[in-house]
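The whole structure should be built from the sequences, with the hints applied where relevant.
Sequence order for the protein chains is A and B.
If you read the first sequence in the numbering used here, its first letter stands for residue 2, the second for the next number, and so on.
If you read the second sequence in the numbering used here, its first letter stands for residue 1022, the second for the next number, and so on.
Hint data in this document are derived by calculation from the structure and do not stem from the laboratory.
Be aware that one or more of the hints could be misleading.
If the Cβ cut is set under 8 Å, some of the chain B residues that face chain A in the computed set are [to be verified]:
1. S1074
2. V1079
3. L1080
4. A1097
5. D1100
6. F1114
7. L1120
8. L1123
9. P1132
For the chain A half of the interface with chain B, some residues (derived, Cβ under 8 Å), not all of them [claimed, not checked]:
10. M2
11. L9
12. D14
13. R286
14. A293
15. V294
16. A296
17. S298
18. D300
19. R303
20. V321
21. R335
22. R375
As a list, the in silico PhoX-like pairs of lysine-lysine whose alpha-carbon atoms are at most 20 Å apart [stated by the list, open to error]:
23. K238(A) / K213(A)
24. K1098(B) / K1109(B)
25. K238(A) / K127(A)
26. K222(A) / K238(A)
27. K1096(B) / K1109(B)
28. K1096(B) / K297(A)
29. K1109(B) / K297(A)
30. K1098(B) / K297(A)
Keep in mind that this is a model prediction, so the values were computed, not measured.
Idealized CB from N, CA, C, for every residue including glycine.
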Amino acid sequence: MRLVRLALQMLVDVPFKSLGTLLGVFVSSFLMLQEMSTLEGLLMRVSAAPDTANVDVWIGSAATESIGATDSVPASRVGAAAGTPGVAWAAPIVLGSGRVTRPDGVRECVSVLGVQAPRYAGLPGKLAAGTTRAALRGSARIFLNDNDRPSFGHAQVGDRIEINGHAGVVSGFFEGMDPHAPCFYIYTNIDEARSMTGFSEDRVTFVALGLKPGARFEDVKSRLSARIPDVTIFSRKELHDAEIRYFLVRTPAGVFFGVGVAVAALVGGLFVAVTLYSMVIDRTRDYGMLKAVGAKSGDLMRLLLIQAWTFAIAGYLIGVTGFLIMRGVVVSLRMAITPQILVSVALVSLVTCTLASLAAVRRVLTLDPALVFRG
Amino acid sequence: MNPVVLEAINVGKIYGNGDLQVHALHPTSIEIRRREVLVIMGPSGSGKTTLLSILGLVLAPTEGEVRLDGQVVTKAKADVLAQLRRDKVGFIFQQFNLLSGLSAIDNVAIPLLLRGTGARERSERARRVLGLVSMSDKTNVKARKLSVGQQQRVAIARALVADAGVLLCDEPTASLDGTSGRAVLDTLQTLARSENRAVVIVTHDDRVLRIADRLIYVEDGQVREQPHLKQPNTGAIQ
Chain A
2 MRLVRLALQM LVDVPFKSLG TLLGVFVSSF LMLQEMSTLE GLLMRVSAAP
52 DTANVDVWIG SAATESIGAT DSVPASRVGA AAGTPGVAWA APIVLGSGRV
102 TRPDGVRECV SVLGVQAPRY AGLPGKLAAG TTRAALRGSA RIFLNDNDRP
152 SFGHAQVGDR IEINGHAGVV SGFFEGMDPH APCFYIYTNI DEARSMTGFS
202 EDRVTFVALG LKPGARFEDV KSRLSARIPD VTIFSRKELH DAEIRYFLVR
252 TPAGVFFGVG VAVAALVGGL FVAVTLYSMV IDRTRDYGML KAVGAKSGDL
302 MRLLLIQAWT FAIAGYLIGV TGFLIMRGVV VSLRMAITPQ ILVSVALVSL
352 VTCTLASLAA VRRVLTLDPA LVFRG
Chain B
1022 MNPVVLEAIN VGKIYGNGDL QVHALHPTSI EIRRREVLVI MGPSGSGKTT
1072 LLSILGLVLA PTEGEVRLDG QVVTKAKADV LAQLRRDKVG FIFQQFNLLS
1122 GLSAIDNVAI PLLLRGTGAR ERSERARRVL GLVSMSDKTN VKARKLSVGQ
1172 QQRVAIARAL VADAGVLLCD EPTASLDGTS GRAVLDTLQT LARSENRAVV
1222 IVTHDDRVLR IADRLIYVED GQVREQPHLK QPNTGAIQ
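This is the structure we're talking about:
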């Protein structure tokens, strides 16, 4: 601590270089936060189906990788699951696909999810204002993703949309989901889904279960496995993880955002490395003097590390402030900030700045103190 | 006779090796005693600075040994040498080497800061030595705003603040006008006499001879002591 003031005074003494370095760390932290929170926002929406649907256990085919990448199971599994000790209720979900016709005549792929009244298990938990679950009751009723409204001519309740030659009537909107498939997602009641997509009457895509109070997932899973062979049984968390894993592996998003974070960290590190090194070169005589008058290697190392950490902490704090302001202004980017992201970016900034100071530290430690006697 | 505080025994320095060897300093022995002012003179490139660097423990001799307060320090590790310099040797550099953005008092307190002395004691001691060099009214002025003479006095204060027994001065008057130079020399002489320190001055400046107790002349790495240079303390060269 005794060297903090001296370290800071040495930074203040070269204001332009210090501000430049601070700017570098600020930009770096800001970009890391932006990349990570954008990805986090995306992942939250990608996993919104298992996260927000009021379902404790999902049973899918043995080959299930995610909600969108699965096969079907016999409909009889619903009854078998319902009779398993620890299960409060069981409901079918079907997922079919087809083509939807946009108002401009363009046809695109659509995933049609059918859920069963009255529980509507599997329906996203977040419905747009004015939309109720009951609105799915009735013939040809569909819920559109609120994000997709512009693609359907800013669809309103009551609009008609053609799916696989069947007319669907928009009866509400759901929010908070960005499926990772390139297709639109539409929710409807299970009969309509079968009808629209030609889904077999004796098959379902998932069996959704609710557990009785106090029932442990692992116990119920064991019983279900014994009763229902050749299926995959997911807890809500496991399906959440599967959705994210599938998204990161099957899309370039993980690599894209990962590279973004790495580049941002590198930019910050380079700024600090170049500036600290150049500051040491500029102040060779000062460091030589410090060595001559008795500074030990540890003192000099601490001096430079304090400077590097000052850049890391100050740049990070300014970066967070700037990011939060930007996030508040540009709401449409739907970035999600979590304590884990804040801590991660702080640690990356700290580690990057520490590593960036090593060249400067090495330069100072190998400095010949006798240089102060040269004219 | 005053006690020996710093001693070089057959110290020599060779740079390079093979055909490129340069004898910067031929083996030589020197004793430096408390209360005396030793002046080292010689032409540029003669080996004065090499000798001063070896005496100041910032340069390891190729041969021979250096003793500080009777302790052989030649083979000590870098951090031990740093500690010895910090606690027992004060340096006054030709170019002052003050941290320009720091105030006079902060510059002076650096050796104490490195030693881990508490803030209050640092401040008190730094103020005291700034008073000794008549800089009490400039304690909070940044070094870059001080005149050359004032900067040199701050550098002297920095060399004094840790109560080092030895002051090594490299051309302390080179950048100073006559008045400032005389003031600095008077201060150094007073420090030797009144504060029981050994003062070693490397210089080209003949004005320094007036405070010299002994003169060493260095040429081509060879050291010669000038006997009977003057009567102690009279300042009169004979």
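Hints, one by one, checked against the model:
1. S1074: holds (4 Å)
2. V1079: The hint holds - V1079(B) has a Cβ within 8 Å of chain A, the shortest such distance being about 4 Å.
3. L1080: At about 5 Å, which falls below the 8 Å cut-off, the nearest Cβ of chain A leaves the hint on L1080(B) intact, so it holds.
4. A1097: Violated, because the Cβ-Cβ distance from A1097(B) to chain A comes to roughly 12 Å (cut-off 8 Å).
5. D1100: Status holds, d = 5 Å.
6. F1114: For F1114(B), the interface hint holds, since the closest Cβ of chain A sits about 5 Å away, which is under 8 Å.
7. L1120: holds (6 Å)
8. L1123: holds (6 Å)
9. P1132: holds (5 Å)
10. M2: Violated, because the Cβ-Cβ distance from M2(A) to chain B comes to roughly 10 Å (cut-off 8 Å).
11. L9: Status violated, d = 10 Å.
12. D14: holds (3 Å)
13. R286: holds (6 Å)
14. A293: Check passed: Cβ of A293(A) comes within 5 Å of chain B, closer than 8 Å.
15. V294: Status holds, d = 5 Å.
16. A296: OK, holds: A296(A) within 8 Å of chain B, min 5 Å.
17. S298: For S298(A), the interface hint holds, since the closest Cβ of chain B sits about 6 Å away, which is under 8 Å.
18. D300: It holds, given that the least Cβ distance between D300(A) and chain B is near 6 Å, below 8 Å.
19. R303: violated (11 Å)
20. V321: Cβ of V321(A) sits 29 Å from chain B, so the hint is violated.
21. R335: violated (46 Å)
22. R375: holds (7 Å)
23. K238(A) / K213(A): holds (17 Å)
24. K1098(B) / K1109(B): holds (16 Å)
25. K238(A) / K127(A): Judged against 20 Å, a Cα distance of about 18 Å means the pair holds.
26. K222(A) / K238(A): holds (14 Å)
27. K1096(B) / K1109(B): Answer holds: K1096(B) to K1109(B) is near 17 Å, not above 20 Å.
28. K1096(B) / K297(A): holds (16 Å)
29. K1109(B) / K297(A): holds (15 Å)
30. K1098(B) / K297(A): Holds, at roughly 11 Å.
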